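This is what each chain is made of:
Protein chains: 4
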Amino acid sequence: MTTPPLPKARLRDLGICLGELQPGPLNAITDIPGVLVGLCTVIQDSPAVARTGVTAIFPRLDIHSDFAYGAYYSFNGIGEMTGIPFLEETGLVTSPVLLTNTNQVGLAHEALARYGTRKYGGRGFIDKLSIVAETWDGWLSDIQSFPVTEEHVVAALESAAPGPVAEGNTGGGTGMIGYEFKGGTGTASRRVEALGNAYITGALVQLNQGWRRHLLVGGVPVGKRISEQIVPSPWPAQPSSSSIIIVIGTDAPLLPHQCRRLAQRATTGLARTGGFGFATSGDIFLAFSTGVHPNPRSRRESAPSPDPAANLLHLDVLPEFSLDPLVLGAVEAVEEAILNALVAAETMTGFEGHTAYALPHDLLVEACRG
Amino acid sequence: MTTPPLPKARLRDLGICLGELQPGPLNAITDIPGVLVGLCTVIQDSPAVARTGVTAIFPRLDIHSDFAYGAYYSFNGIGEMTGIPFLEETGLVTSPVLLTNTNQVGLAHEALARYGTRKYGGRGFIDKLSIVAETWDGWLSDIQSFPVTEEHVVAALESAAPGPVAEGNTGGGTGMIGYEFKGGTGTASRRVEALGNAYITGALVQLNQGWRRHLLVGGVPVGKRISEQIVPSPWPAQPSSSSIIIVIGTDAPLLPHQCRRLAQRATTGLARTGGFGFATSGDIFLAFSTGVHPNPRSRRESAPSPDPAANLLHLDVLPEFSLDPLVLGAVEAVEEAILNALVAAETMTGFEGHTAYALPHDLLVEACRG
Amino acid sequence: MTTPPLPKARLRDLGICLGELQPGPLNAITDIPGVLVGLCTVIQDSPAVARTGVTAIFPRLDIHSDFAYGAYYSFNGIGEMTGIPFLEETGLVTSPVLLTNTNQVGLAHEALARYGTRKYGGRGFIDKLSIVAETWDGWLSDIQSFPVTEEHVVAALESAAPGPVAEGNTGGGTGMIGYEFKGGTGTASRRVEALGNAYITGALVQLNQGWRRHLLVGGVPVGKRISEQIVPSPWPAQPSSSSIIIVIGTDAPLLPHQCRRLAQRATTGLARTGGFGFATSGDIFLAFSTGVHPNPRSRRESAPSPDPAANLLHLDVLPEFSLDPLVLGAVEAVEEAILNALVAAETMTGFEGHTAYALPHDLLVEACRG
Amino acid sequence: MTTPPLPKARLRDLGICLGELQPGPLNAITDIPGVLVGLCTVIQDSPAVARTGVTAIFPRLDIHSDFAYGAYYSFNGIGEMTGIPFLEETGLVTSPVLLTNTNQVGLAHEALARYGTRKYGGRGFIDKLSIVAETWDGWLSDIQSFPVTEEHVVAALESAAPGPVAEGNTGGGTGMIGYEFKGGTGTASRRVEALGNAYITGALVQLNQGWRRHLLVGGVPVGKRISEQIVPSPWPAQPSSSSIIIVIGTDAPLLPHQCRRLAQRATTGLARTGGFGFATSGDIFLAFSTGVHPNPRSRRESAPSPDPAANLLHLDVLPEFSLDPLVLGAVEAVEEAILNALVAAETMTGFEGHTAYALPHDLLVEACRG
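Protein chains in written order, with my numbering: chain A, 1 to 370; chain B, 1 to 370; chain C, 1 to 370; chain D, 1 to 370.
Just to be clear, a hint being listed does not mean it is correct.
Computed footprint of chain C on chain B; a stretch qualifies when at least three of its residues, placed anywhere within it, have a C-beta under 8 Å from a C-beta of chain C [unchecked claim]: (1) 44-51; (2) 69-83; (3) 97-110.
Think of the hints as simulated: they come from the structure by calculation, not from any bench. Since this is a predicted model, take the numbers as computed values, not measurements. Idealized CB from N, CA, C, for every residue including glycine.
In isolation and in its complexed conformation, chain A is listed as follows (with noise of 0.2 Å):
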């Protein structure tokens, strides 16, 4: 890296709070009480250029043998996310969910499929329906190199953990451009409150898309104020849309339909920073809710019990007509994270001598006051 990076800060460090709803402690995805992130950030220039990196989310650290419920949704699927037939068919999430670059999305999934069998030896198949998805981060690393290792994956979950969760130039987002300006990873949180009960939603993204003039920060045309002249865009000539990948989680209680609704309102999220899921884009969020344990009793590996009552699942959900208040703290949340990707990420120079240039945090300050 040739370009000195800039102090770390957050949108909120800045004076800029937007939507209605109260962050979470920590402004992140892990403020929902069990919820680990790990990042395995590749930043080097031998044997070939490489700008990428994996982050895993854990919904809860004993997720393969403690599922969450979970849902997908494609806003524009020039993108991969794997592990879908299983979780349409069962709402279940059984594994981390990795992100990385878009040419290592077997490698991430083979290296978490021997983890996990190395970890918790013995077991079937369906920790091995994992979810890895992708963002393209070509221009500022040789992906061509295959530059993500086995080791790399494993890094990345053993080093997940609850706490604050470095953003920008991190794990699965280290390569990545946002509005044309430097992306990478992004995290926000809101408290919310349904029927009487508290509770997190929280999102953390991959930002690789969007256009710099569709910029919008609480409205404002940010992009638009901020010209190529004082910022240039990372590309020669016209913009390359690319793509964004959101996770939003929550402790709320939710059935899998449930969570389809929320991993939907991602591209309300996306679309208030000026995204509109362009043809080229793999803009696909994936939605789960820890507040719910789907525990496999009836795994054919265990017995079930004499009394048939207790092989059902016990599950106390929020009915259907009571989620506006989790919609708006999604909403809020993935805005926000998609910002603070954009604020935390610092100018990088990758391949072939690319660079993208963060978004200045005073120009940001300034075209916010407009």
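We have chain A; now place chains B, C and D onto it with these hints.
Then chains B, C and D, alone, in the frame of chain A:
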């Protein structure tokens, strides 16, 4: 009608017992506790020739306020089932399900909305997002005369009852043609046990599809063994494909996505009788579970409880990987319901003198013997 | 009506021009060559208070025989759009699209079936699998009185014409409420160029959703700036969420799955005005393309050609990755159509004396200035 | 392997001819002009016991640049097929399709990405969004040893060829078990005529599902007639359900949504052999059409033509209601491909001494005679 009716019988009365599970006491969808079926059969020759009707299925009597979970699957959607966006979004069945002829889906929908308003006045919109499905009876009935009236729909609704279901030329199935024999309404059920719990799976079909040469009964190519010389086809030349509506119910407690799994299984039951889902066919399936009460405590009408936990839905459902008995039960019930429709239907002459001949019981028995 | 109408205007008449693309000559969905819109507005105080109506959209005049491709997307399906199984199966739109109130989807469906039969007698069932969508107008209209009649539906169909579309309190949008102001019918269009070809994307909305505090106009939080002291909310207490139907059309030649991509983009246009898709909302979107003629040469009615190649459909369509201009055009048209509905709607008093106040143009302009 | 292989045969070699359509010259998916199949079979006892492999299906040799249309259907998604978001969004198949064991979907995916990069270097990301599907071979193979290597994947890809396909214990099907007999790879085809045009529909299956007592051959309950005393089940106690991947191809020119219609029909072919889609099964189906060339002229790499019309895709496709012959052809090909897998597979002993016995040809023939 110019043809005398054959004596009423069901497949099992002919000594043909298919499948490995036992039927419920009535071998009907009404074996599911609380399920009601109502039928209004419209057979008249003036002012226009009508061979049509309405079938009403109540998952429970107070379905408008005590909702059930459900889901649909469209195997070949050249047909109509209304209410899809709501059903997909919420997994809720909030009103009786109606089956009628193709042209009068709207009439039935409006009549049901008016009926609900009269009966439960002051209610909101949720019970107006109803499920009405259809098959085309225009070969035997002057469908362009729009013969079904609001009174017919109300009659079907008001006649809904537990107990045996009149099969064959009844309700929405009155003018149907199946496998080039007279088709119609059919039903069947199976006792199933899942994790020590006893349940019923039942099916009701409105059979209007199939080419005779494909008809299978317990694997036997019965259709090929009953030539057109002996029993003429209803059509002058090549067989026309039409439609089938299949409704699967169960008292096993299922979530919406699990209901969808059952709905998809109707394909297998259909295939076992020789159905292919031809390109102009409307083969649309619904599955519902009465074993869950996803009651809308949080609807705007009622105040939430001061105890937050009391505002959650408490659901006891079957775990994801324990559904095999229900799969078997649904498939067998669908298969037998289709054949029951053929066995119960009686030769009918209608519009423009067209005649659809019943499947002769003696020939069926003989063909099954090989 | 007790309130005098405000002078009619559209958003651009107020000097508020959003987006980067140019509108078509009428800035309406009818800028798409061949598209017709018909409206029947029902405002009466006896026998019951009615503020309702019917909107009819013809992708082309002879849509019953010269089909169009289309697709739907349900962002939040607490609403109804009929015709889904057929639309999903074939991608075909085969009849005019109707919009009306929630309770009378069935009436409109039946009336359209009868109309089609009278008009094109002898046709089959395909034009009976119609698309009818709804939003709830029960705050201003005595919806339980079922005020729409077959004559109203026919009037909407018969009045269908190219040219300007009457917005605001018209057609199915008559009794709508949007962002706690008077809502209704709105339309807009954009000129787009894709790979050197010039097309129109247009939208027509029936706006009945949104909380005032979320209303955005060009990113400006206009809703927050117009207090309830100045313009009262139509509701006594907390805002109720409702619904929006969005119809996107284009003459760009698209396949069904490409239409679905456009339909999904309506979410973005909605989000840009402050819509979230709340949990009890029916936010259901349709997109159609008139640039393709998927004519059913092989329908059973007509004999196939002796030249096998002549029996194939010859389609010239936009390639998959060239849709960005259409995405932009659709989003901008939807955004402006929603705001046009607000601008055109006039204060209305209806059922039980409820009043929904128009968005005052001067306050809107002032709020946009900041 | 401790058991000598039975002589190779196919179902028709045994005199069992199912269906009403004629097979293509090879009775294989490779009857479709241009379709290639490659197989790498991994049978080794050290370092770990492996009975596994890789199957590669090229819709055409240059599929990475001359895309095909396709679609998937998940009948029961307890399994994996990657590439779903891209396939759903665009309807495009842009790389060879791979089948392997459950644990190594990722390895196969990564190997294919590397292979594509080496072979077609400089290409973008679209050919990286590949379709890799799996079934579980952990009863006969030490699946936890992750025996498939990148070299195996390349070998499958490099061996891809037209001509006969080696069935049974081959490729990804090596360690499969079907209907409690030895399963594996199977293929079949049908000649179909649609509107005067001659086409092929073909199927290739990786058969790993089914309970013996359900096995049907031409409607005959063959499974019930071959007792465990004569041919033991591979499992000690109750039958386990597993999975089946079905790939349907055709040179009939189809749009993506029409491919989905074919994919759904695989259910019928499966049902005709006794498959139910049990609750832990991964029954996932893909259909592709080579008769259309949805070439991406507008990809960013290539400049559009100055002639706008030349930038459109010119597609000649079958009209919507003419697909019946393809439906029949697909169902028959799937049914026979499943049975061909059973007939070709040979008794195999593997991991922990488990043995899966081949379906004895003499007993099969005898059972079919009744």
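Against the structure, the hints:
{"no.": "1", "hint": "44-51", "result": "violated (count 0)"}
{"no.": "2", "hint": "69-83", "result": "holds (count 9)"}
{"no.": "3", "hint": "97-110", "result": "holds (count 9)"}
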